[in-house]
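> Quick mapping for you: the protein sequence lines, in order, are chains A and B.
With the numbering used here, the residue at position 19 of the first sequence is 19, and numbering never jumps.
With the numbering used here, the residue at position 91 of the second sequence is 1091, and numbering never jumps.
These are computed hints drawn from the structure, not numbers from a lab.
For every residue, glycine included, the Cβ atom is placed at its ideal position computed from N, Cα and C.
Treat the hints with care, as some may be off.
[Stated by the list, open to error] Under the rule of at most 20 Å between Cα atoms (straight-line distance), these lysine to aspartate or glutamate pairs were calculated in the EDC-like manner:
{"#": "1", "chain 1": "A", "residue 1": "215", "chain 2": "A", "residue 2": "172"}
{"#": "2", "chain 1": "B", "residue 1": "1080", "chain 2": "B", "residue 2": "1092"}
{"#": "3", "chain 1": "A", "residue 1": "215", "chain 2": "B", "residue 2": "1106"}
{"#": "4", "chain 1": "A", "residue 1": "215", "chain 2": "B", "residue 2": "1026"}
[To be verified] If we take Cβ atoms under 7 Å as the criterion, some of the chain A residues that face chain B in the derived model are:
{"#": "5", "residue": "29"}
{"#": "6", "residue": "33"}
{"#": "7", "residue": "34"}
{"#": "8", "residue": "37"}
{"#": "9", "residue": "79"}
{"#": "10", "residue": "82"}
{"#": "11", "residue": "161"}
{"#": "12", "residue": "165"}
{"#": "13", "residue": "168"}
{"#": "14", "residue": "169"}
{"#": "15", "residue": "194"}
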Amino acid sequence: MSCSITNVDRPIILIPAYNEQATIDAVIRQARASWQIPIVAIDDCSTDATARIARAAGATVLPLRIQLGAWGAIQTGLRYALRHGYRTAITLDADGQHDPQDIGRLLQPLTSHQADVTIGAFPERASCARRLAWNYFRRLTGLALEDITSGFRAYNHAAMIVLATPEASLLDYQDVGVLLILRRHGLRIVETPVSMRLRAIGASRVFRSWWVVGKYMLQTSLLCLARIGHGALAPVDDSTG
Amino acid sequence: MITYQITSMAIGVSLAVTILFLVRRDHLHGPYALWWIGVAVTVAFLSLFPRLFDVVAIKLGISYPPILAVIMGFSMLLVKLLTMDLERSRQERLIRRLAQRLALLEAQAPEMPVLDKATPPENSSGKVNE
């Protein structure tokens, strides 16, 4: 089934990928089969055939020569999208845990102008430790969101502009830091429940080992604390292309 | 017998000479060279008048004057370390933006002869090979 989205403002799908040769082909083909939207895969310095497979599957590939991490890759995609005149960006993990069929649900709050950013949330997938971490960050930031680390998101043009700036270039993950920047610019974030498949191969890039988790928790806590009282900025002017 | 003054002067002057040598050889970039020249001049100057610390320390209520020199040196080192990390963060941001821009350009011109997998990619620490 192929659904075209007519009322969405120039959408594009961004898929950050690092060594995802086992899954990237299926992800791109499923997304292409479901939606007639350009697909961009950002190859985060993979050492396997990810880039070649993504290109063969019909995606435009942005080859990063230095590994920038998941967020750095997504920002590359956002910069590409803005440069080429796209006005809505959907981000999708390359490991196949997000179902491209759900993109429609993700875009709905944007098309009805209820929100500037939609997060595809599936809190049930979380382990106990992950839920504890989310709960902690919710309290620390005051963000009323369930699934703050979900990589399945849709951004409108105003959000894309904010997130493509150098201000967001030193972030390492597409999570709390990104959400705090969005909030600071007065952009509205909502969550939409989506279905999520089990991660077939590979592990989360954030929740990989206790050492990485510890580093992540400390770094993100510091980011949250540093942002306390960080004044809100004027809303983004989206009128200029 | 070598006096304290000669020892400190020797340190100050040799530091100054080393820094000048590095600047001449183009190993130290402008603003950093300026900081280190400043350090060399300060050390050389203070080593000429080591009694200066005794006077100032007593006025500041410090009973053991040499510790003033140690504290001042330590504080300046901390300031220097902090500014170094500030500079590193600025450079990290620039490198990331440049890597992103390069990816956009390479995607635009796929027929361009790009580095193949035989060339080892830059490592993840953000260091760029020369």
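> Now tell me if each hint is right for this structure.
So, going through the hints one by one against the coordinates:
1. A:215 to A:172: The hint holds at about 12 Å.
2. B:1080 to B:1092: 18 Å, holds
3. A:215 to B:1106: 33 Å, violated
4. A:215 to B:1026: With Cα atoms ~38 Å apart, residue 215 of chain A and residue 1026 of chain B exceed 20 Å; violated.
5. 29: 20 Å, violated
6. 33: Violated: closest Cβ of chain B sits about 23 Å from residue 33 of chain A, beyond 7 Å.
7. 34: Hint violated; residue 34 of chain A Cβ to chain B Cβ min 24 Å, cut 7 Å.
8. 37: 17 Å, violated
9. 79: At about 6 Å, which falls below the 7 Å cut-off, the nearest Cβ of chain B leaves the hint on residue 79 of chain A intact, so it holds.
10. 82: 10 Å, violated
11. 161: 15 Å, violated
12. 165: 10 Å, violated
13. 168: For residue 168 of chain A, the interface hint is violated, since the closest Cβ of chain B sits about 10 Å away, which is over 7 Å.
14. 169: Nearest chain B Cβ about 5 Å off; hint holds.
15. 194: 28 Å, violated
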